[in-house]
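Sequences listed follow chains A and B, in order. Number 114 in the numbering used here belongs to position 114 of the first sequence; there are no gaps in the numbering. Basically the numbering used here = 1-based index in the second sequence + 125.
All clues stand as given, with none of them false.
Heads up, simulated DSS-like pairs for lysine-lysine below, C-alpha to C-alpha not over 25 angstroms straight-line:
(1) B:Lys288 to A:Lys91
(2) A:Lys81 to B:Lys288
(3) B:Lys514 to A:Lys38
(4) B:Lys514 to B:Lys531
(5) B:Lys514 to B:Lys530
Calculated directly from the structure, the hints in this document are not laboratory data.
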Amino acid sequence: MSTREFTCVVCPNGCSIVVEVDDDETPVVTRVQGNVCKRGESWARQEVENPMRTIASSVPVRRGDFPLASVRTSRPIPLTKIREVMDEIRKVSLEAPVEIGDVVLSAPAGCDTEVIATRRVRKVG
Amino acid sequence: MSGAKKSIPAVRRDVVVIGGGPAGLAAAVAAKEAGCGDVLLIERDRILGGILNQCIHDGFGLHTFREALSGPEYAARFIDRFRELGIAAMEETIVLSLSADRVLEVSTRGTYQRIEAGAVILAMGCRERTRGAISIPGHRPSGVYTAGAAQNFMNLENIMVGKTVCILGSGDIGLIMARRMTLEGAKVEAVFEILPYSSGLPRNIQQCLNDYGIPLYLNTTVTDIVGKGRLEGIRVAQVGEDRSPIPETGRYVPCDTLLLSVGLIPENELTREAGVEMDPVTGGAVVDDSFMTSVPGIFACGNVLHVHDLVDWVSVEAAEAGKFAACFVREGGCSLPSPIRVRPGSGVRYTLPQAVSGERNLTLSLRVSAPWRDRCVVVRDGGKEIVRKREMRLHPAEMIRIDLKKEAVSGCSSLEVTVE
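Same shape as in the complex, but just chain A (with noise of 0.2 angstroms):
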């Protein structure tokens, strides 16, 4: 049994949370306490249990107004897979026009999400 401090990051709030945690093999948590809401508590559990973010870099483009898109997870992943994933996104090059909402990738590093364009694109000459 041990304690962790937390401090949520689903909402700007930024509640601390104490979580109760049973460290036998596999981490499960006992009691959260500190949350204001629900969903403080279901990250919690989660943030131990296995961590999810969401990652955002930029991807070279050619023949664009702009040599960059921006691009993100459209879902979370794990904390654990973000090297992986970084280094999907490293080997994408994109060729103008993008739009916002473009996939960029899908699954990268078996993930359950996708990668895509959060910056508009034009295409020159």
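Model the placement of chain B on the given structure of chain A, informed by the hints.
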């Protein structure tokens, strides 16, 4: 203003918005939606959206859209609405001057124009404090950037700014760049913060530092910058209660890049030129509960008024300013006398607006002066309590907003806001 310039005839516009970032966009959209047919937005960059364009991380729009958007996506929602409404925009245009009678001199790619505005909305945003602003001693090598400049290089220009990075200041932009540079393969050694607490949002400490094992050293600052051509390293030391470095705690940290995330300053050169009364604490204008400054017909909103924590609040506040500016033009000046002064009391750094009419519902924005847990923010008229709001956590990095009903404020002589 020279005689030759004055002889150039001025174009007449109803509402002129200066700045095309989130504040300017929301203000322009709201002015148009409030029935003002002639709105003009002036932006110095070649695209609209302002600094949101380089903020590619997610988390924007949680309050407004109930989803976590990136900066460019959040901006696009407002730009699309702006275009739908057919609002005029002048890009690559800089405002050279603004007078108290609302005459603007503007320049677009070498051309010159005078504009007479029915109302002006100031939405120029803010800029970062630099190394000069905080007087860090030492050599002057390359490799020292403000966090936002590095963000611009990496996210818009595709230029990686360094490999081994230290960050001074725990402002949100610095924290976000710590994560960004780590993801792009740099080694971020540490973040140093002179204060005893972080000046960034808790969620950013967690997601940008803790997730990647980047240490945050509080009560610590940079005492020397070493390197002739390129930065080679920095000296850091802990500070005492007076915030001056304690020499025996000094150590050397090798790095090729130092990012500064040490605060933002509202960009108010035009505001001052127009003779607007300023608030020394916010660094922005003094406004009433219609966001009008001390100069009739000149309104201010967004980060040029006070630096916000979340863009959602910028949009909300700017929309109010836009609505009132449209009303000012429509009714030939509908501002109400605002005799009720609002003052920050114990534990409160500033409050905004600084004067209210008592004739409208309004939202007080404020920041506290230190972090606390489980306190109340109390608004009083003399000895009489108007509103008491319990807050689980109070942090100087986070803005607090308190809604006040017209009925509660009407008839008050002055308001004081305290933390108890």
